[in-house]
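Enquirer: Residue numbers (the working numbering), protein chains in the order written: chain A, 4 to 89; chain B, 7 to 410; chain C, 2 to 424.
No wet-lab data here; the hints were simulated from the structure.
For glycine and all other residues, C-beta sits at the position ideal for the given N, C-alpha and C.
Treat the hints loosely; a few may be bogus.
[Said to hold, decoys possible] To give a feel for the contact side, a few chain A residues facing chain B, derived at Cβ under 10 Å:
1. Arg-17
2. Ala-19
3. Glu-22
4. Glu-24
5. Thr-72
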Amino acid sequence: MAEFTVDDLRRVMRAAAGEAEGVSLDGPILDLTFEELSYDSLALLETASRIERETGITFPDGVINDLKTPRDLLTLVNSHLAGNAG
Amino acid sequence: MTPTAVVTGIGIAAPNGLGTDEYWRATVAGVNGIARISRFDPSQYPVQLAGEVRNFDPARYLPSRLLPQTDHMTRLALVASDWALADAKLNPAEQPEFGMGVVTASSCGGFEFGQRELENLWARGGQYVSAYQSFAWFYAVNTGQISIRHGMRGPSGVLVTDGAGGLDAVGHARRHIRRGIPVIVTGAADSSLCPWGLVAQLPCGRLSTVTEPDRAYLPFDARATGYVPGEGAAILVLEDAARARERGVAGYGEIAGYAATFDPSPRSGRPPALRRAIELALADAEVGPADIDVVFADGAGDRERDRIEADALCAVFGEAGVPVTVPKTMTGRLYSAAAALDLAAALLAIHHRVIPPTIHVSPAADYRLDLVTGTARSGQIDTVLIVARGHGGFNAAMVVRRHA
Amino acid sequence: MRRRIAITGIGVLAPGGLGTKAFWELLTSGTTATRRISLFDATPFRSQIAAECDFDPVAEGLSAQEIRRMDRAVQFGVVAARQCLADAGLSPGELPPERVGVSVGSAVGATMSLDQEYNVVSDSGRDWLVDHRYASPHLYDYFVPGSFAAEVAWLVGAEGPAAVVSAGCTSGLDAIGYACDLLREGTVDVMIAGATDAPISPITVACFDAIKATSPRNDDPEHASRPFDRTRDGFVLGEGAAMLVLEDLERARRRGAHIYAEIVGFASRCNAYHMTGLRPDGREMAEAIRVALDEARLAPTDVDYINAHGSGTKQNDRHETAAFKRSLGQHAYQVPVSSIKSMIGHSLGAIGAIEVAASALAIEHNVVPPTANLHEADPECDLDYVPLTAREQQVDVVLSVGSGFGGFQSAIVLADPEAKALS
Chain A
4 MAEFTVDDLR
14 RVMRAAAGEA
24 EGVSLDGPIL
34 DLTFEELSYD
44 SLALLETASR
54 IERETGITFP
64 DGVINDLKTP
74 RDLLTLVNSH
84 LAGNAG
Chain B
7 MTPTAVVTGI
17 GIAAPNGLGT
27 DEYWRATVAG
37 VNGIARISRF
47 DPSQYPVQLA
57 GEVRNFDPAR
67 YLPSRLLPQT
77 DHMTRLALVA
87 SDWALADAKL
97 NPAEQPEFGM
107 GVVTASSCGG
117 FEFGQRELEN
127 LWARGGQYVS
137 AYQSFAWFYA
147 VNTGQISIRH
157 GMRGPSGVLV
167 TDGAGGLDAV
177 GHARRHIRRG
187 IPVIVTGAAD
197 SSLCPWGLVA
207 QLPCGRLSTV
217 TEPDRAYLPF
227 DARATGYVPG
237 EGAAILVLED
247 AARARERGVA
257 GYGEIAGYAA
267 TFDPSPRSGR
277 PPALRRAIEL
287 ALADAEVGPA
297 DIDVVFADGA
307 GDRERDRIEA
317 DALCAVFGEA
327 GVPVTVPKTM
337 TGRLYSAAAA
347 LDLAAALLAI
357 HHRVIPPTIH
367 VSPAADYRLD
377 LVTGTARSGQ
387 IDTVLIVARG
397 HGGFNAAMVV
407 RRHA
Chain C
2 MRRRIAITGI
12 GVLAPGGLGT
22 KAFWELLTSG
32 TTATRRISLF
42 DATPFRSQIA
52 AECDFDPVAE
62 GLSAQEIRRM
72 DRAVQFGVVA
82 ARQCLADAGL
92 SPGELPPERV
102 GVSVGSAVGA
112 TMSLDQEYNV
122 VSDSGRDWLV
132 DHRYASPHLY
142 DYFVPGSFAA
152 EVAWLVGAEG
162 PAAVVSAGCT
172 SGLDAIGYAC
182 DLLREGTVDV
192 MIAGATDAPI
202 SPITVACFDA
212 IKATSPRNDD
222 PEHASRPFDR
232 TRDGFVLGEG
242 AAMLVLEDLE
252 RARRRGAHIY
262 AEIVGFASRC
272 NAYHMTGLRP
282 DGREMAEAIR
292 VALDEARLAP
302 TDVDYINAHG
312 SGTKQNDRHE
322 TAAFKRSLGQ
332 HAYQVPVSSI
342 KSMIGHSLGA
352 IGAIEVAASA
362 LAIEHNVVPP
372 TANLHEADPE
382 CDLDYVPLTA
392 REQQVDVVLS
402 VGSGFGGFQS
412 AIVLADPEAK
422 ALS
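Next up, chain A with everything else stripped away, as it sits in the complex:
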């Protein structure tokens, strides 16, 4: 996979944890916090786990819960895909 796009992320988030009442994933979500999106640690773990399975990358323990926004997550995924995750 070359790049994980915001639309890929939206698709995975929908399947992983859906939308809470009164929250939409359709708009500009990248800089909303996961908290604003009503994404708790469980929703985030399920999202991350689906990304791992889809892309073949493995996130180190602990990094996922430190992410604040979908942009953070997207950046993390793409840095792994580019092979420079450290």
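Assemble the complex: chain A is given as a structure, and chains B and C must be docked to it using the hints.
Expert: Frame of chain A; chains B and C shown alone:
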């Protein structure tokens, strides 16, 4: 004085009706909800009929957030609990912080969700197992999800007693009302109509292999061949009667009596304990057999267990001493939800003054029961006995009565 | 007058030694029973460690037929029930059947058998339309774990109410609480109550891996369960059972039974917050503790020992520390708090009953078991967690608490029936 527990709200998702009104219309009219299994192709299995809840679109009722983390039966439970609260005209946000609890029964948990994750585990590997598997399949999930959805922070409870569960949950909910908790959401939901769920039920040997929907589940009939599995939810709002009255809600009826017993081991040679459960429930309600207007029977659907129930009813009420009905003939047996649904139906019978029929059944004379067959029977109904049993030996009996 | 409830028999199967004596010796010596999983090949999993019971059903007297019929968890439950009856000086069939009930807690039922059976009938997950011809004849008993209560009821000859109580990880406490309700209302005179779970199975390990709730300290399993320690990194799965004989205190005294302790209060509350998360302020657990103490007519200062949930996850340890402070006030800083999960792991629904057994034994022996592996407490956990070494002290009143998925918090209070605080 000990508070009286009244049912002020009912929410139903049943094979022959989604929502209380639709269910009750169908039930009084004798509409059968049993049909060939549609959720998957049952051709290869010896059992091909079930009572499935049809036309249930969870996305219509629940936020998409809840869908990836819930089994079908939890969605039924959540929607039924929404309906029950609306029916009770109860706004959870207006209740005291710890004043609402949740007590539900479950027989097998979220079996379809479990099948999907077991498939992920065995076919693809542990990393494919959902983060929600840690709770979505387990027996306590409905109590948890209902309490979260409505902000209920009072007592919690979950009972697993197979088909007796619906009554055991309500019986336990009544204990909480009696010790001063104003509201308990209670009842049960079950569904195991996935291939794995059906296969898991087969070894009990009591499922009917008949493929005609009007011939498969015939309790108290000489042609009885077993039962048809069903799915669904019946959720009730149980409330302290004094508080319900204060807010202007009369309720459907009072949980007046309850008892549970367990059958001795088949190897013991001792008699079944069902009759004692019935007698204890009547005593608990401080009523005699003559006060009971109708019995909603368990109706196992096999000769041996129908005989045990008929004997117990005759011993308590005399031969054909009380009208008996089995509305389950329209839905199949819903495991823990079966008794909760019968309880709801009993309350609706009191409310609408009509006994729903037992369909398809020609009662065998040797059971000596006054079975309400064919069409519904109208009349004054004030006090009802509900009988329920679960695999292994669980017996429960409950008396509900019109609340003055 | 309110009926009082005595614990007159204890049967425990726990990792590190079967039977009550071995269990108590393990706890008071601060020894850990956590190790690499041997029940199946756990190498593909993130967490490969657990606290397992070295359990041989044949040696425990179960017949070949019983072993085939019963899931491992049922086997535990039945053996523990037999032990508790013998410990109480009762034999099966001696009690009036109508006045005896059964309450068995289990969070995950026959998970182990279901997991294995699925592998078989689905051809290792290949067939969604699973093949019933390969199914065990006992599959229904795994399907509905009500069978757990049935087996115990048949063993003891109980014909009163029987139930499985399944409230996630508070199942053990809640099953005992349920039994107390039946005893207090006079429905029964004796309850065989407790809990069992045998969850060390691929599906359970995988589901806790998925939420990173279990410890991945695979290279050092003996030190992996570290409640309240700064370096803790999740709980360690366990298995086991504890069954108790609970009876009317007057009845117990009349027949000259040994009384370990009295159960004086119980309450459960939903947190209505999250299926797996805990509110950091401990509000609902504090409420459960308050109600349980109230039922016991005891003051917070009467509590001599808190047997904590102490699972070893960060959120739990902080949550319950907050709950103790909220419910007990200043006394929370004085009372010893310990977690036996540091030694025997977290056996989900069973652990609550095992912890009640430990609490009763603490009263019996006037010893507080330690929290093993606690070398440096999390700065946010600032109570007396009894690190490493058991403590001899007067123990008259014990509070034991539990938290479970589903958002459940339960609290139970045990006391020496002769304790001054009760008069």
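Enquirer: It remains to establish, for every hint, whether it holds in the given structure.
Expert: Against the structure, the hints come out as follows:
{"no.": "1", "hint": "Arg-17", "verdict": "holds (7 Å)"}
{"no.": "2", "hint": "Ala-19", "verdict": "holds (6 Å)"}
{"no.": "3", "hint": "Glu-22", "verdict": "holds (5 Å)"}
{"no.": "4", "hint": "Glu-24", "verdict": "holds (4 Å)"}
{"no.": "5", "hint": "Thr-72", "verdict": "violated (18 Å)"}
Hint 5 alone, counting from the list given before, is not met by this structure.
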